[in-house]
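**Q** One-letter residues, chain by chain:
Protein chains: 2
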Amino acid sequence: METIKKICEGNVRAASRLIRDLEDKLPHARPRLRQLFKHTGKSFIIGITGSPGAGKSTLTDALIAELRKLSKTVGVLAVDPTSPFTGGAILGDRVRMLRHAEDEGVFIRSLATRGALGGLSQAAGDAIHVMEAMGKDVIIVETVGIGQQEIDIINHAHSVIVVMVPGMGDEIQSMKAGILEIADVFAINKADRAGAKQLHTELASLLNSAPQSAGAWRPPIVMIENLYEPLTFVEQTAELAQKVAEHYAYLQESGQLDKRTERRAMMQINDALRACIMEPVIDNLTASGELQYLAEKIKNREIDPYSVAEEISKRFLKSGGINDIDKK
Amino acid sequence: METIKKICEGNVRAASRLIRDLEDKLPHARPRLRQLFKHTGKSFIIGITGSPGAGKSTLTDALIAELRKLSKTVGVLAVDPTSPFTGGAILGDRVRMLRHAEDEGVFIRSLATRGALGGLSQAAGDAIHVMEAMGKDVIIVETVGIGQQEIDIINHAHSVIVVMVPGMGDEIQSMKAGILEIADVFAINKADRAGAKQLHTELASLLNSAPQSAGAWRPPIVMIENLYEPLTFVEQTAELAQKVAEHYAYLQESGQLDKRTERRAMMQINDALRACIMEPVIDNLTASGELQYLAEKIKNREIDPYSVAEEISKRFLKSGGINDIDKK
Chain R
269 METIKKICEG
279 NVRAASRLIR
289 DLEDKLPHAR
299 PRLRQLFKHT
309 GKSFIIGITG
319 SPGAGKSTLT
329 DALIAELRKL
339 SKTVGVLAVD
349 PTSPFTGGAI
359 LGDRVRMLRH
369 AEDEGVFIRS
379 LATRGALGGL
389 SQAAGDAIHV
399 MEAMGKDVII
409 VETVGIGQQE
419 IDIINHAHSV
429 IVVMVPGMGD
439 EIQSMKAGIL
449 EIADVFAINK
459 ADRAGAKQLH
469 TELASLLNSA
479 PQSAGAWRPP
489 IVMIENLYEP
499 LTFVEQTAEL
509 AQKVAEHYAY
519 LQESGQLDKR
529 TERRAMMQIN
539 DALRACIMEP
549 VIDNLTASGE
559 LQYLAEKIKN
569 REIDPYSVAE
579 EISKRFLKSG
589 GINDIDKK
Chain C
269 METIKKICEG
279 NVRAASRLIR
289 DLEDKLPHAR
299 PRLRQLFKHT
309 GKSFIIGITG
319 SPGAGKSTLT
329 DALIAELRKL
339 SKTVGVLAVD
349 PTSPFTGGAI
359 LGDRVRMLRH
369 AEDEGVFIRS
379 LATRGALGGL
389 SQAAGDAIHV
399 MEAMGKDVII
409 VETVGIGQQE
419 IDIINHAHSV
429 IVVMVPGMGD
439 EIQSMKAGIL
449 EIADVFAINK
459 ADRAGAKQLH
469 TELASLLNSA
479 PQSAGAWRPP
489 IVMIENLYEP
499 LTFVEQTAEL
509 AQKVAEHYAY
519 LQESGQLDKR
529 TERRAMMQIN
539 DALRACIMEP
549 VIDNLTASGE
559 LQYLAEKIKN
569 REIDPYSVAE
579 EISKRFLKSG
589 GINDIDKK
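Order-wise, the sequence lines are chains R and C. The first sequence maps to residues 269 to 596 in the numbering used here. The second sequence maps to residues 269 to 596 in the numbering used here.
Honestly, the hints are just simulated from the structure, not real lab data. This structure is a prediction, so every number in the text was calculated from the model and none was measured. Please note that the accuracy of each hint is not assured.
Because identical chains cannot be distinguished in the list, a pair is counted as satisfied if it fits within a single copy or across any two copies.
Straight-line distance between alpha carbons at most 27 Å, and here's what the computed BS3-like set of lysine-lysine pairs gives [claimed, not checked]: (1) 582 / 465; (2) 273 / 586; (3) 527 / 565; (4) 586 / 310; (5) 511 / 567; (6) 567 / 293; (7) 567 / 274; (8) 586 / 337; (9) 527 / 274; (10) 586 / 567; (11) 293 / 527; (12) 527 / 340; (13) 582 / 511; (14) 273 / 565; (15) 293 / 511; (16) 273 / 582.
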């Protein structure tokens with residue numbers, strides 16, 4: 269109970285420890301998160317995504333500065349793409365954010381991929397919950413790319429910034445559908461580079477061609493130029509912050525905020541189910557050596573993976589449940 | 269049985285139909301795949317991945333041409349990053365491969381993301397199985413990026429080509445760990461662009477700094493220049509094909525091929541378990557409207573997602589199984 273109280277008071281050490289314990293799956297961590305849950309749901313969650321090297325951390329840093337000017341407290345969760353084998357986090361240029369490390373109103377944590385079962389979305393959701401309970405006004409979730417898992421992570425956010433850079437010709441073409449679905453605000457970073465204007469034109473015409481219902485949000489495109497002209501940069505990132513604030517106002521007025529919160533809840537159930545159902549089954553098979561044994565048999569074509577999975581599901585799933593499912 | 273026979277004879281229509289039926293989860297499709305399984309396991313599977321716009325399809329096209337010169341039959345599976353909402357595939361510049369469409373020795377299919385449960389890796393594995401049963405000598409799996417799901421997909425391959433392009437400064441830095449783990453051969457495409465040499469240097473020094481055991485494979489870096497100089501391009505892509513062939517020889521001699529096949533089997537079990545356990549549970553909750561109801565309660569903070577998942581897992585998982593798991 270002491271921990272819960274501390275976290276709700278914004279205690280950094282207690283919050284950090286719980287996030288780490290959740291990542292490490294220590295047995296006491298989950299019940300604590302459960303107690304924290306009723307203290308969550310008041311923060312505005314911003315997602316920021318884009319290709320590696322697009323400058324997401326720099327923009328996150330600038331957004332923090334803008335939010336601090338308004339005396340908003342900020343939590344930042346940086347989700348790193350890492351090897352599924354080594355499991356280490358790459359901090360990269362995240363050190364740039366260190367200028368906020370001394371600021372009590374800012375709490376920054378990194379998460380790395382663990383295992384191949386796609387638990388990263390849940391780990392991100394857990395860390396966001398802890399930051400919400402700490403009372404952070406705004407939480408920024410930074411992730412890389414638009415793979416399925418990254419979309420799962422970004423779906424925790426109320427408002428999503430997609431960062432693009434000029435110089436990757438057919439990027440828009442091939443990312444099209446995915447990007448249009450998730451982006452609420454576009455930032456074209458390094459906009460002093462060749463091709464920035466063309467990227468803007470392509471993106472704008474893509475947005476124009478998308479079906480648009482009356483009163484719906486139309487994602488604005490913010491150009492962010494040369495980082496070596498500090499004044500321009502500050503002005504432009506202030507505009508980015510402004511656009512995100514406008515999107516937040518839109519979400520509230522249109523009732524969309526409620527819908528996004530519900531979408532997030534659906535995903536939380538999905539994530540939690542995987543942790544409660546899939547992971548114990550896999551852990552069980554791994555610990556007994558059965559997984560290895562079956563993989564060997566599949567390799568030798570003595571048995572097929574589909575029959576293996578069905579056999580296992582019969583052992584773990586209730587027959588009533590299975591029958592219900594089959595009859596559907 | 270007729271279908272099985274036809275597919276094993278390389279019949280394109282029968283194979284296409286089964287792949288589509290598997291994607292659509294028609295009830296007869298899975299048992300057929302099961303019967304096909306014993307006819308699989310003889311193809312060499314090449315994975316090719318990289319950022320959007322890196323030119324993967326162009327290189328795949330060139331690899332097909334090289335393989336056809338050696339009279340190898342080829343299957344190509346293009347996995348598209350698409351919206352989890354609309355579910356449509358983006359063919360993009362894949363039309364370039366159309367020059368092989370009339371060639372009976374080449375079979376090309378695309379797969380798109382379906383749903384948010386990460387079933388894409390399984391769908392890819394299924395389609396590869398069908399192509400293996402067709403007797404294709406080589407199967408090329410093309411996917412985008414290095415997100416977790418893309419790594420899952422690429423893990424179906426025996427040999428992985430990572431395609432990079434100059435001009436994304438810190439890409440290497442931030443992709444580092446992931447890339448070193450999955451790449452067997454590097455291709456620097458559009459190598460006539462500024463920064464290609466620097467990219468080569470950085471990559472080489474990264475490879476040098478990685479721990480290297482005696483006799484282990486050292487990923488070669490192949491530079492692929494200006495597409496408008498056809499002769500150079502053909503020479504360079506021939507070198508790429510040669511490096512992949514060398515890697516295949518290495519895998520066979522070192523016994524690594526066996527290990528990779530086993531790794532693939534593990535993943536197949538994982539994928540099949542998700543289909544047999546997670547999907548039916550989620551489908552069941554969705555059909556009854558319970559998922560929506562619970563999401564609403566979570567949104568209002570009346571209940572937390574962790575308790576919900578535990579409750580559900582008790583209903584679907586056998587208590588014996590759960591207890592075994594808890595006691596661990």
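**Q** Now look at each hint and say whether the structure bears it out.
**A** Going through the hints against the structure:
| no. | hint | result |
| --- | --- | --- |
| 1 | 582 / 465 | neither (58 Å within a copy, 56 Å between copies) |
| 2 | 273 / 586 | neither (40 Å within a copy, 37 Å between copies) |
| 3 | 527 / 565 | between (47 Å within a copy, 13 Å between copies) |
| 4 | 586 / 310 | neither (38 Å within a copy, 37 Å between copies) |
| 5 | 511 / 567 | between (54 Å within a copy, 26 Å between copies) |
| 6 | 567 / 293 | between (32 Å within a copy, 25 Å between copies) |
| 7 | 567 / 274 | between (52 Å within a copy, 24 Å between copies) |
| 8 | 586 / 337 | neither (56 Å within a copy, 54 Å between copies) |
| 9 | 527 / 274 | neither (31 Å within a copy, 49 Å between copies) |
| 10 | 586 / 567 | neither (29 Å within a copy, 29 Å between copies) |
| 11 | 293 / 527 | neither (30 Å within a copy, 29 Å between copies) |
| 12 | 527 / 340 | within (24 Å within a copy, 52 Å between copies) |
| 13 | 582 / 511 | neither (52 Å within a copy, 45 Å between copies) |
| 14 | 273 / 565 | between (52 Å within a copy, 24 Å between copies) |
| 15 | 293 / 511 | neither (38 Å within a copy, 42 Å between copies) |
| 16 | 273 / 582 | neither (43 Å within a copy, 30 Å between copies) |
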